[in-house]
Amino acid sequence: MGAGHAHVLYRESDSPVHRLPPEVKIAAMVAFTVAVVATPREAIWAFGAYALLVAAVAALARVNARWLLVRSTIELPFVLFAFALPFLGAGERVDLLGLSLSADGLYGAWNIIAKGTLGVWASLLLAATTTTRDLIVGLDRLRCPQILTQIATFMLRYLDVLVGEARRMRVARISRGDDPRFLWQLRGFAAGVGALFLRAFERGERVYLAMLSRGYTGRMPAVWQGGGAATTGQWLVAATVPVLAGTVAATAAVLT
Amino acid sequence: METLAMHISNGIINGPVAAIFAVIALAAMAFCVMRGRQDLDDRLAPMAGLVAAFIFAVQMLNFPIFTAGVSGHLLGGALAAMLVGPWVGALCVAVVLVVQALVFGDGGVAMLGLNITNMAVIGIAAAYLLIALLLRVLPRTTTGLAVTAFVAALVSVVVAALGFVVQYQLGGTTDLGGNLAGLAGTMAVSHLFIGIGEGLITATTVVTVAKVRPDLVYALRALKPAAPASVPAVGGVR
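Taken in sequence, the protein lines are chains L and E.
Just so you know, our numbering puts 171 at position 171 of the first sequence, and the rest follows in order with no gaps.
Just so you know, our numbering puts 266 at position 10 of the second sequence, and the rest follows in order with no gaps.
These are computed hints drawn from the structure, not numbers from a lab.
Glycine included, each C-beta is placed from N, C-alpha and C at the ideal position.
Where hints are given, some of them may not hold.
Stated by the list, open to error - Here are some of the chain L residues that sit facing chain E, going by a computed Cβ distance under 10 Å:
#1 I44
#2 L69
#3 R71
#4 N111
#5 R141
#6 I147
#7 L148
#8 T149
#9 T153
#10 V161
#11 L162
#12 V171
#13 L198
Unchecked claim - Here are the in silico distance ranges between beta carbons for each label pair:
#14 L:S13 - E:L385: 45 to 51 Å
#15 L:D160 - E:R392: 37 to 43 Å
#16 E:R392 - L:R19: 26 to 32 Å
#17 E:I452 - L:A172: 48 to 54 Å
#18 E:M290 - L:G164: 31 to 37 Å
#19 E:F287 - L:W45: 41 to 47 Å
#20 E:R299 - L:A172: 25 to 31 Å
Could you build all of it, start to finish, from the sequences and the hints given here?
Okay, here's the thing in C-alpha cells:
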C-alpha cells in the first residue's frame, strides 16, 4: 500500500515512454490537449491526425488498443450529452435519416466526442506510463507549490487507508449479522461514514507523526526523486508530440 | 471501482472562455496557496490529505442525469470548508480535480480552469460563507452544526452546478437557443437532489468528527476567539 505503489491504471512495462521523466510527460500531455482543444471543429482531418499521434505513442508505450478503448468508457456521460445536442441545438436544421437535426448541434456533438476522446486517451497514456509517485515528483519539478504536492501525496497515500478501513468496517458489519445488498447497504454505509472518516484520520495521523519523527519536512526525500531531472534531450524527444499536434492545429486554423 | 467522467470534458466549452477561467482559477489558487500556508499545521496537513482522499472517493459516486445526458456527483466542498477551512479546502478540491484530469482523464485538462472555478472556488466560497453565517446565527448545538453542514453542502452543490450553466452560456460550443433554460433547470433540480445526499453525508461526517475530536473541525476553531466558552458545548459529553 501507499503512494509508492502503482495505481490501477498503471501498466508495468519498460518502454521508451515509461522511461521518460514524469515532468516531461505531463508537460507534453497538457500541451497536446491544448492543441487539440484549440483546433477548429470543422477540420475533421486534423482529429484523424491526432488519433494517429496517440496511436503512435500508445504503440511506443506498449499500451494495447483494447485497454485504451475499454478505459475510455469513462467519458460516456458526455457522449450522451453530445448525442442530445443535435436535437437540442438551435439554428439551421438539416435532414438526416428522416430526422430534423441542428447542423450546429451535429458539429457540437462531433466536437465533444472528438476532443473529449483525444483528451481521455492522452491522460490514459500518461496514467499507463507513470506511477503516482512519479506524477507527484513531476509536478514538484514543474514548480507546483509545495503545499499542493503535499496535499496530493497525502491524498494518494490515504486513499488506500480509506479503502482499507471501509473494507474492515464492512467485514465487521457482515460478521455481526448485516446482510449488505446493492442499495440497502447504502444505509449501513451512510450511518458509518462519520466513523469511517475518524478511523481513517486517526490511522492517517499516526502515519503522519511517524513520518515527522523520521525527518519529514513537507517534501519527499531525495530517494523518491529517482533518476534525476529531465535532460534537454528528453525534453526535445517528448516535445515532438505536442509540436506535431501544434503544427496540425495551426494548419487546420489557417485552412478553415 | 469504475469511474465515470463527470467534470467538464474537452470540447464542451470553447477555448477563449476556458482560457479566461483558467486565469481566474490560477489567480484564486495562488491566493489560496498564500493563505493556506499559514493554516497548514501539524494537525491540518494529514487532515487535508484525508479530506482530499475522501472527496476523491465520494466524487466517484456518480448520478447520470439522463434527460440531458449530463451527470452529477457529490462535490465534497462543504466538507472541506468545514474541516480544513476555505483556503486549504479549495486547494484540496483543486488537487482532486488535477489528479483526476491528469490520471483518470476525468474532466479535460484544457477545461481544468472551468472545473476548478466551479467546484473549488465557487463551491467552497458559497459553502464557507454559509458556514460562517449559520454558525453565528444557529444555536451552538449538535443540531445547529448538522443543519449548518447540511445547508452549506446543499447550496454549494447547486451553486457550483449553476456555475457550469453560466460558463456554457458564455462559451458553449453549441448554441442551444431557448434550451439553455432547460439545461439550467435540469442542472438545478438534479443537483438539488444530489445536494440533499451530499448534505446528509457532510452533516453525519462533521457531527461525528465534532463529537469525538472537536479540535479537528476548522470552522469551530475559527469561532473560538469570538466565543471561547460556548464552543466545547458542541463536543458533547466526551
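Hints and how they fare:
no.	hint	in the structure
1	I44	13 Å, violated
2	L69	13 Å, violated
3	R71	8 Å, holds
4	N111	5 Å, holds
5	R141	14 Å, violated
6	I147	6 Å, holds
7	L148	6 Å, holds
8	T149	9 Å, holds
9	T153	7 Å, holds
10	V161	7 Å, holds
11	L162	5 Å, holds
12	V171	17 Å, violated
13	L198	6 Å, holds
14	L:S13 - E:L385: 45 to 51 Å	49 Å, holds
15	L:D160 - E:R392: 37 to 43 Å	39 Å, holds
16	E:R392 - L:R19: 26 to 32 Å	56 Å, violated
17	E:I452 - L:A172: 48 to 54 Å	28 Å, violated
18	E:M290 - L:G164: 31 to 37 Å	35 Å, holds
19	E:F287 - L:W45: 41 to 47 Å	43 Å, holds
20	E:R299 - L:A172: 25 to 31 Å	28 Å, holds
Checked against the numbered hints given earlier, the structure breaks hints 1, 2, 5, 12, 16, 17 and satisfies all the rest.
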